[in-house]
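Sequences and hints are given; from them, build the entire structure.
Sequence lines, in order, name chains R and H.
Numbers 1 to 177, taken from my numbering, label the letters of the first sequence in order.
Numbers 1 to 118, taken from my numbering, label the letters of the second sequence in order.
These are calculated hints, taken from the structure and not from any lab test.
Quick reminder that beta carbons are idealized off the backbone N, C-alpha and C, glycines included.
Hints should not be assumed to be uniformly reliable.
[As the list claims (entries may be wrong)] List time: in silico DSSO-like cross-link candidates among lysine-lysine, alpha-carbon distance up to 30 Å: (1) R:K38 - H:K83; (2) H:K7 - H:K116; (3) R:K38 - H:K116; (4) R:K91 - H:K41; (5) H:K47 - R:K91; (6) H:K83 - H:K41; (7) H:K83 - H:K7; (8) R:K172 - R:K91.
[Stated by the list, open to error] To be clear about the criterion: a stretch of chain R counts as covered by chain H if any three or more of its residues have a C-beta under 8 Å from a C-beta of chain H, and this derived list gives those stretches: (9) 74 to 85; (10) 110 to 120; (11) 125 to 139; (12) 143 to 154.
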Amino acid sequence: MQLSDRELWALIHGMGLGALFLLAFGGGIAGVWSLREKYVTTEGLAERTPRLLVGTTVMAIVAWLTVIVGTWIVYPWYRAAAPAGTTDLTKFPKALLVSSPDTAGWHNFGMEWKEHVAFLAPLLATAVAFATLYYGAQLVHRGEIRRAILVFFTLAFAAAGVAGLFGALITKAAPVA
Amino acid sequence: MQSTQTKPNGPVAASFLAAGIGSLVLGILVVLNELGGDISKFLAFDKNYGLGSGVGPLSGKAILAVLAFVISWVVLHFMWRGKEVNFGRVFSLALILVAAGFILTFPPVFDIFAPKAA
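Okay, structure coming up:
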C-alpha cells in the first residue's frame with residue numbers, strides 16, 4: 001500500500017485542500033448568516049467573531065492553495081502529451097480520456113470547465129475574507145454587506161463544488177498516477 | 001447599548017467589484033484562447049516566461065485574471081478608501097461580472113468561439 005508522488009499531490013489537491021474548503025463552507029455560512037443583532041448578545045458576538053475571522057481567512061488561503069497546487073503541480077501531469085507511438089496511455093490521463101469517444105467528454109467538458117471555474121472560488125473567497133476582516137463584529141450592523149458575503153460565499157462554494165465534483169469523477173476515469 | 005457606527009463601506013465594495021473584474025477577465029481570456037492563433041500562444045506563460053512547465057495557456061489565463069483582480073482592487077481601494085459608496089449598485093455590478101465569468105468559463109459557451117474544422 002503506497003502512493004506515488006503524483007498520487008500524493010493529487011490527494012493533497014483534492015481530498016486535502018479542496019475538501020477542506022468545501023467542508024468548511026457549512027460552518028462559515030452559518031456563522032455569517034446568524035451574525036444578526038436579534039440573534040447574538042454582546043458576549044456572543046465577542047465569542048464568535050474571532051472564529052469567523054479566522055475561518056473565512058483560512059478558507060480564502062485554502063482556496064488559493066487548492067488552485068495553485070492543482071494548476072501548477074497536478075495539471076501538467078494530467079495534460080502531458082504522450083510520446084508518439086505510446087500505446088499504454090495510463091500515465092497520460094488527458095490523452096487516455098480523449099482517445100475514446102466514450103471518455104472524451106470527461107476532458108472536453110469536465111476538465112475544461114473545472115480548470116477554469118475553479119479560479120473563481122479564491123477570487124470570491126478573498127473578497128469574503130476581506131469584508132469579514134474589515135468589519136469584524138460591526139458586520140452585525142451591516143445587513144447589506146452580510147448578505148453580499150453570503151452570496152459570494154455561496155458562489156465560491158458552487159465554483160469549488162463543480163471543480164471538486166469533476167476532479168473526483170475525472171480521477172476515477174483516468175487518475176494522475 | 002452597542003454603538004451602531006460602522007466603518008465606511010468603500011474598501012469592501014472595492015474588494016467585491018475587483019473579484020467581479022477578475023472573474024470577467026478570466027472568462028474573456030478563456031474565450032480569446034479558444035479563438036487560437038497568437039493570443040493562445042501568448043497565453044502560454046509557461047513557455048513564454050517559464051511560469052509553470054507544462055501548464056499551457058491556463059498559466060496565462062490564471063495569472064492575468066489574478067493580476068486584474070489585484071490591480072483593480074488596489075485602484076478601487078484607493079479611490080473609495082474612507083468613503084461610503086452605493087453598495088447595492090456596486091454589488092449588483094460585481095454580481096453581473098461574476099455571472100459573466102461563470103458563463104464564459106462554461107465549455108458549451110466558450111466552444112462557440114473555437115474555430116470549426118473545415
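Hint-by-hint comparison with the structure:
{"no.": "1", "hint": "R:K38 - H:K83", "result": "28 Å, holds"}
{"no.": "2", "hint": "H:K7 - H:K116", "result": "53 Å, violated"}
{"no.": "3", "hint": "R:K38 - H:K116", "result": "58 Å, violated"}
{"no.": "4", "hint": "R:K91 - H:K41", "result": "26 Å, holds"}
{"no.": "5", "hint": "H:K47 - R:K91", "result": "22 Å, holds"}
{"no.": "6", "hint": "H:K83 - H:K41", "result": "42 Å, violated"}
{"no.": "7", "hint": "H:K83 - H:K7", "result": "9 Å, holds"}
{"no.": "8", "hint": "R:K172 - R:K91", "result": "14 Å, holds"}
{"no.": "9", "hint": "74 to 85", "result": "holds (count 5)"}
{"no.": "10", "hint": "110 to 120", "result": "holds (count 7)"}
{"no.": "11", "hint": "125 to 139", "result": "holds (count 7)"}
{"no.": "12", "hint": "143 to 154", "result": "holds (count 5)"}
In summary, the numbered hints that this structure violates are 2, 3, 6.
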